[in-house]
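Keeping their order, the protein sequence lines are chains A and B.
For the first sequence, this note's numbering gives the first residue as 290, with consecutive numbering after it.
For the second sequence, this note's numbering gives the first residue as 222, with consecutive numbering after it.
Simulated from the structure, these hints should not be mistaken for lab results.
In this text, all values refer to a predicted model and were calculated from it rather than measured experimentally.
Incorrect hints may appear among the rest.
Claimed, not checked - Facing chain B, a subset of chain A residues (Cβ under 7 Å, in silico):
1) T300
2) F304
3) Y332
4) V339
5) R423
6) Q446
7) E449
Said to hold, decoys possible - Subject to a maximum C-alpha distance of 25 Å in a straight line, what follows is the list of computed DSS-like cross-link-like pairs (lysine-lysine):
8) B:K242 x B:K478
9) B:K223 x A:K338
10) A:K492 x B:K255
11) B:K242 x B:K273
12) B:K448 x B:K465
13) B:K488 x B:K448
14) B:K273 x A:K356
15) B:K273 x B:K223
16) B:K322 x A:K356
17) B:K255 x B:K494
18) B:K465 x B:K255
19) B:K473 x B:K243
20) B:K257 x A:K356
21) B:K498 x B:K257
22) B:K273 x A:K507
23) B:K273 x B:K243
24) B:K335 x B:K488
25) B:K495 x B:K257
26) A:K341 x B:K223
27) B:K518 x A:K507
28) B:K494 x A:K356
29) B:K498 x B:K473
30) B:K498 x B:K335
31) B:K243 x B:K288
32) B:K257 x B:K518
Glycine residues also receive a C-beta, built at the ideal position from the N, C-alpha and C atoms.
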Amino acid sequence: MMEVCGSSNVTLREFGSEQSLLSRPDGSASFIQGDTSVLAAVYGPAEVKVSKEIYDRATLEVLIQPKVGLPSVRERAQEQCVRETCEASLLLSLHPRSSLTLILQLIHDDGSLLSCFLNAACVALMDAGLPMSRLFCGVTCAIDADGQIITDPTAAQEKESRALMTFAIDATERQVMMSSTRGSFSVHELQQCIAVSQKASEKIFQFYRDSVRRRYSKTL
Amino acid sequence: MKDTPLSNCERDFLLKAIEEKKRLDGRQTYDYRKMKITFGTDFGCCFVDLGKTRVMAQVSGELVTPKENRPNEGIMFFNIELSPMASPAFEAGRQSELSVKLNRQLERCLRNSKCLDTESLCVVSGEKVWQIRVDVHMLNHDGNLMDAASIAAITALCHFRRPDVGIQGDDVTVYSPEERDPIPLSIYHMPISVSFSFFQQGTYLLVDPCEREERVMDGLLMIAMNKHREICSIQSSGGIMLLKEQVMRCSKIASVKVSEITELISKALENDKKARKTGGKCGFAESMPQERITALKMDETPVEMTDVTDRANDIVQKAEAPPQTVPSPLVPVPGVGQVGQGLHNTWGLEEEEEEEEEEEEENDNDNSGEEQEETKMEEEQHEKEESRGGDVVEISDSEEEEVVILHPEKPDKAPTNTGSSSYQRGAATSKKKQKQ
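The shape of chain B in the complex, shown without the other chains (with noise of 0.2 Å):
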């Protein structure tokens, strides 16, 4: 599917505007859209909206063994799944290329910053260790999938909860959410993403451009930082041209957004852990909005039963008996199984050469030495020239190719089957030699 293409006017519209200080939305410069973060059922799964960008992250874990040159250090896995829901540009099972940079990207940010304490995952050193794994789902495309999804990542790995393991002496054992509290994960650090969108060769900058935004940009610089002012991954594209200055002033803008968005997360975090914990029920469903007109809700209800095993009865007596009989397998050499007679052949051949080709085949397995063969078939082709009136072929040496006349009866149509070869089912091999 193909998504629509940008028209001219509303690029130059875009453009405009944002020469003007003014963006879509209404937004400032610097700002933010709404942000709202909510969790799912299960430990590790989490949904951030970003504006109407929408992004869900769930984290899961097994055990597994380590890498060679790393035995005492768990493994990280970040997936980003560019959903064909969020975009009819994207599709479905192709990594094209946005997919391939928001994947480095994540790896970058959230891999090579260490956010993650990888040795706490060791189980038994060299053997099993933890796996987690990330898989970043993007729903709704409407800009700055980069941050949403860096975002969900860092918070459903601050939500995830890996299954308690006890190790006595050489016994590993792993247990349930049931038995045992499951324990959260050691995060050192929370590096978050901020994108910022370059105008008109640098001159002009956005922070969190919506879709229309990063359609018209020139370039853009993502900056991962933590809320301690350390910057994690610094990465600029589209080959836009930063001063110095410019870079600095992202990197203090994006100093003051990540502090803000970490505090939300916190406070998101904090907020579930509560629900949890008085028991309430938690998830997808809790957060469906009640007041809105497009969403509805329906208790449990029962359902009617009365009359079922009437309907049922009737039913099953009203329809046609099962066949008794099945036709049992025959086993007429050992290894081949045989159920019915199978139907007559309909290819149309004709009855004669049905009974050439059995001929043929009945030389061939002949083993009565060749003198013989060549006797027989060179009768037979007296046979067969007599009452093909003359047409004969000569074929190659090759053991291979069987020449058959598709219709002997017919004379006329002699000169165009000579030299034509035709393959029989039967792989029966003949030589015929030419008459004159």
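With the rest of the complex left out, here is chain A (with noise of 0.2 Å):
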């Protein structure tokens, strides 16, 4: 059984966003982890082609465009994810027979990258003002080599670590929404990681908080 000790790996690294900064599209933010920056923007609900359409609910795509080349495989399996979540707290069923498109496009990756494509892409879909029943965050933790659990890992110590592991947290129960992992670990170190992250998704879920306050701050 792995031991969790001290707290001193346990932090998250500084975030900001900033929301509605392009005039385009419906809802747009970004999301800052340290270094890791990230661009959402979502259009909707709009026009759908008949061929995507579904009867009864909305059709959400998901884009993620890489910084340099064309997106590729590992851009795809990101985009099943977010979508995944998207689709479990997006009130779909409001808007059937209509589109909305979220895209994602990379600024700077220094680890914790499909966390920061989650939070960035929940203040987005708050900023275009879409019916949501929950909102959800990201949070990614690594098993580095001792068996420590480093929660929003840079990009080095991605590098290092023996499991790396990203789950979207729901608002509302502090549920797993989503789970994305890669590498070894054993059940305990799951659950741990499980139970930390539910911990780190309250300081961001507080962080959302704060930013929507400031932001209606002069209206309300």
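If you follow the hints, you should be able to join the two separate chains into one complex; please do so.
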């Protein structure tokens, strides 16, 4: 059984976000975790192609654009993770036969990329005003060679790690909505990482609340 | 996703305002919008804001084999991505006309003008040269993408540092940025494009059109120039016919604008160099404006871990025990693996038919002479006839077809089945003769 010792490794890097920074999309946000930064934009509800329309729900499309080159299989896998999380939290049945498009542009990757995508997606969806049943956030945990759990790892820490896990945690009950892992780990370690991520998610949700409160401080 | 079309009253309003020398945002005819240049964390990443138009450029380099007809020159590759983020009209992965046009213009502006010294990118002649790749992403489309893209591309090229390379005899060592400082590219001059939009068949001219103005314009003239007043490329599109004086006037305006923009770029590069030298953090994170209410930053926070191990133990104990036995695979025949037994056939075929098929297959597999086969089959045929009551089917000589009567115990259905054929899973073949 792995012991988790000390709280020195379990920190979240400094994070920040800016909302409504682009004028064309219906909602946009940038999310920064340490040096990892991501830009998200949402269009919708808008017209959908007949081939893609669903009769009782909106069609959610997620596009991840890398910085260099064309999107490859890795981006498709990340898109799938983000799309499944968003579909579980958006109220898609309120906009049947419409399309919602979420575009994520990578600005700089310094580790914890998938969780940064998830956070940026949630803030952009909030900024667009799309109805959601719950908010979500992404937390990445890495287990390094000594068995220590590191949250929000940098790219260097990710490279040295034995296992890397990203969880999407929901805001209402702190449950795991999506998990994406690589590497080998025991059942105990998995449960510990989930518990750590749930704790860490509280900080992120507090940050969401603070940024929305600040945003509407002049109007409310 | 389709873009909202421009309404007629918007179009009339814009054209009328232009006739009265008024622009939507209050600019003068020859004014550029507010331009802001920022840099990212790594070298070669540059953001350009031209009013609300936002563009990001990233330069990267890798070692490749050179082209055969130019063995001692490096390769430059440009790619403009019209990201769907920039406008609902842009579709992912589709090479639209606008995308082709912008790519071509950027290539002509930067590659054909030889602004970059490609011979300095050669490492080993004929074997290894640097390929410099410039990716420009459109983040927000509010008009004049070409100018923003050209400024971003040339600024990113000036900002980029490639890894240092050491050659000792036949050995080539590429040093990482930690071992040796990376070196900048050698840039001769900075070509920058300036766009002019024409309205009412060339009567009115506007510099740096915004998105609405672009929609109602008749034609576009793009002049790429450097600060030494050398024209690098000219492109006129839209089919408008311009007079010589108009083109000369535009080039004079362009030279003024280009020198202003070049100064802005140099200042931005200087500031960034100073910031990096003092060791200050630089990048997208730092350039996020703090004073706006739409932006918020939080410092590094520790996460409480007090009862994590207990909770984890709790959950693991409450969970079900994992299944201990895993069925191990059998190997009935070399090359075939079997796990489990499989399910019962649920296709709903009659049992009799299954027996028939088996018999037919047995007959076919029997290699004891044709006569025997035929007699056997005839016997079988007789049997079948008796059971079916005389509904026989003749098929062609094709060996591939097999005919199966679907409901042999219901003679009234026989006529409909006669002549029909169905293909079975096993490709067992049989020949039946027509009996009278």
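Point to revise | Index of numbered hints that the structure contradicts, given in increasing order | key: 4, 5, 6, 7, 10, 18, 29, 30 and 31
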